[in-house]
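Enquirer: The chain contents come next:
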Amino acid sequence: MNELRAALEAILFVSNEPVTVDALVEALDSDSESIAAQLADLKRFLDENVGGFTLEQTAGGWRLATRPEHEAILKKYFAKKGEGRLSIAALETLAIVAYRQPVTAPEVSDIRSVNSTGVLRTLLERRLIRVAGRKEVVGSPFLYRTTREFLIHFGLNDIRDLPRLEEFGDLIGESISEELVTAVQSVAVDHSE
Amino acid sequence: MNELRAALEAILFVSNEPVTVDALVEALDSDSESIAAQLADLKRFLDENVGGFTLEQTAGGWRLATRPEHEAILKKYFAKKGEGRLSIAALETLAIVAYRQPVTAPEVSDIRSVNSTGVLRTLLERRLIRVAGRKEVVGSPFLYRTTREFLIHFGLNDIRDLPRLEEFGDLIGESISEELVTAVQSVAVDHSE
Amino acid sequence: MTDDEVQESGYEVTLPTFHGPLDLLLHLIKQNEIDIYDIPIVPITEQYTAYLDAMEELDLEIAADYIYMAALLIHIKSQMLLPRDESAEGQPEDPRADLVNRLLEYQRFKQVAETFAELDVVRMGVWPRPAVSLPESEAAEIDMSEVSLFDLIDAFRNALTRYKVNHPQAIELQRMLHKISDKMGELYNKLKEKSPIRLQWFLEGRDRDELIAIFLGTLELVRLGGISLQQSDPFGDILVAITANPLDEAQFAVYDQR
Numbered sequence: 359m360n361e362l363r364a365a366l367e368a369i370l371f372v373s374n375e376p377v378t379v380d381a382l383v384e385a386l387d388s389d390s391e392s393i394a395a396q397l398a399d400l401k402r403f404l405d406e407n408v409g410g411f412t413l414e415q416t417a418g419g420w421r422l423a424t425r426p427e428h429e430a431i432l433k434k435y436f437a438k439k440g441e442g443r444l445s446i447a448a449l450e451t452l453a454i455v456a457y458r459q460p461v462t463a464p465e466v467s468d469i470r471s472v473n474s475t476g477v478l479r480t481l482l483e484r485r486l487i488r489v490a491g492r493k494e495v496v497g498s499p500f501l502y503r504t505t506r507e508f509l510i511h512f513g514l515n516d517i518r519d520l521p522r523l524e525e526f527g528d529l530i531g532e533s534i535s536e537e538l539v540t541a542v543q544s545v546a547v548d549h550s551e
Numbered sequence: 359m360n361e362l363r364a365a366l367e368a369i370l371f372v373s374n375e376p377v378t379v380d381a382l383v384e385a386l387d388s389d390s391e392s393i394a395a396q397l398a399d400l401k402r403f404l405d406e407n408v409g410g411f412t413l414e415q416t417a418g419g420w421r422l423a424t425r426p427e428h429e430a431i432l433k434k435y436f437a438k439k440g441e442g443r444l445s446i447a448a449l450e451t452l453a454i455v456a457y458r459q460p461v462t463a464p465e466v467s468d469i470r471s472v473n474s475t476g477v478l479r480t481l482l483e484r485r486l487i488r489v490a491g492r493k494e495v496v497g498s499p500f501l502y503r504t505t506r507e508f509l510i511h512f513g514l515n516d517i518r519d520l521p522r523l524e525e526f527g528d529l530i531g532e533s534i535s536e537e538l539v540t541a542v543q544s545v546a547v548d549h550s551e
Numbered sequence: 739m740t741d742d743e744v745q746e747s748g749y750e751v752t753l754p755t756f757h758g759p760l761d762l763l764l765h766l767i768k769q770n771e772i773d774i775y776d777i778p779i780v781p782i783t784e785q786y787t788a789y790l791d792a793m794e795e796l797d798l799e800i801a802a803d804y805i806y807m808a809a810l811l812i813h814i815k816s817q818m819l820l821p822r823d824e825s826a827e828g829q830p831e832d833p834r835a836d837l838v839n840r841l842l843e844y845q846r847f848k849q850v851a852e853t854f855a856e857l858d859v860v861r862m863g864v865w866p867r868p869a870v871s872l873p874e875s876e877a878a879e880i881d882m883s884e885v886s887l888f889d890l891i892d893a894f895r896n897a898l899t900r901y902k903v904n905h906p907q908a909i910e911l912q913r914m915l916h917k918i919s920d921k922m923g924e925l926y927n928k929l930k931e932k933s934p935i936r937l938q939w940f941l942e943g944r945d946r947d948e949l950i951a952i953f954l955g956t957l958e959l960v961r962l963g964g965i966s967l968q969q970s971d972p973f974g975d976i977l978v979a980i981t982a983n984p985l986d987e988a989q990f991a992v993y994d995q996r
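Taken in order, these protein sequences are the chains called A, B and C.
Whatever position you read off the first sequence (first residue = 1), add 358 for the working numbering.
Whatever position you read off the second sequence (first residue = 1), add 358 for the working numbering.
Whatever position you read off the third sequence (first residue = 1), add 738 for the working numbering.
What you were told as hints is all true, and nothing was included just to trick you.
Each computed DSSO-like pair below joins lysine-lysine, with the alpha-carbon atoms no more than 27 Å apart:
1) A:Lys401 - B:Lys401
2) B:Lys401 - A:Lys434
3) B:Lys493 - C:Lys902
4) A:Lys401 - B:Lys439
5) A:Lys433 - B:Lys401
If you are wondering where the hints come from, they were derived from the structure by calculation, not from laboratory data.
Please work from the sequences and hints to get the whole structure.
Expert: In structure tokens form, the structure reads like this:
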């Protein structure tokens, strides 16, 4: 049996947080190519032979985790109520923080056209966002950013992995009044400043 | 892939404590013979194919665990990981220095009701606090302040940007009790003399 | 008007629920198959206000945000009626431009939220290994890279809360040291022995907190008509004298109830 591979499995097994390749390189006194190859190989092996858990890449690292299909059985076994799904309001707010970070509560409320303070609080409590300093404007409002927990929860490796906002196209409005498009674009420039 | 087996693996994977056959029988709506057979089979499979962890039978039941030969490497890995961590006591001490600076070790110990000299040393080593002169009282104790690294870590431009206690109440949606504010003030008065 | 709020209100809602005025406007635009870049502002404003009226009839509280948008729509409507200044340089600004821009931006985030919602469902089922405490460290530890200002102030608050629990006596004593009622009694009794006295004499050697208690107590005694103050010239001595109107000292205690 491959000794490097076994040690790598042991570390992943005891970690409940994603482990970076760098950390593995250092702990195992190896190089990043070998580690990356072992990780890929382990993932393939688990996907082919083990039904209960897999290896996933998230938040800049790797971790062993169960598969989504066992949610019901795990909840039952551990008698865990779980946190429940995020509300639409929370998801909208989270989307805005993810794409506009660092962003203040008034800015989020403005984009949603609804006061979003309560929703931000919920997201703070669930550690999906965090306070990251203050904005240097009147009132010095807090700035919010997404957390590593956010990346892990949504299975993202890096915040830059999110599709560009522009890729979310216009669902409505086929025919376009050119005059207005120009006007909108000029306003859009103002807003981006 | 066997569905019973996959669910059993998922439960073992998420469990901290040994899992009993009875509990598995109930959760998986199966019988003890099938469960016992699956457990024996899983153990054989892991021993043949996975070097990093195994399935072991302990007094209370069955659990996944690392193998003794990886103890050294896990210790090394955790020691390294520990460097990026701070104890809850240290965070609390850091918070007191941040909010009460400049502050002496006896003052911090008094607020925490625990001798905090060791924790202050850790924070000094981590360069989150620094010595900023001595207090002109008996014994001339050192005064501690937070550092630039501290500000950078928390995304602050200035120490005055720290959230105020009342703002924290707004964040968590709970009014900070007047009594607590009084307590804060009396601590402040005691130490400003 | 989020899902949560509507559920909390406990009413049977037959109208679709929206997550804000922009959400409602997007719905109306979609329902009417309108070109978002050329919103017919008059009918949309009418439909929008009709929806608010319906909410009102259902006893749903209409949030200020919805009313603000109604005002904005009416404002845009009035702007549209104004003749445009054709002589102005460049493109004439369409009064709807800002609103359209906001709608487009909001619509994108709404779509992101839908994607997040799908991921949320799937990822809720993904569980990690249980956390293990690090060997050779009994104390609970946290990853500093994930510690935020929120955690910092939370730790501070916990320390203070614990301090208060551990020192109830000290804090109580500090507050109890200078009861207004005591000071009222002290001054009143002094005056029963000797009247008038110089207030400055009575205040000598007292600390700041005590002075405040005496000051408040003196004012209360004056208000009750038990004593009178006299100052013959500005910045001169203040004389305190007992009046002919005797006071029941038991009633002094009520001034500590605040």
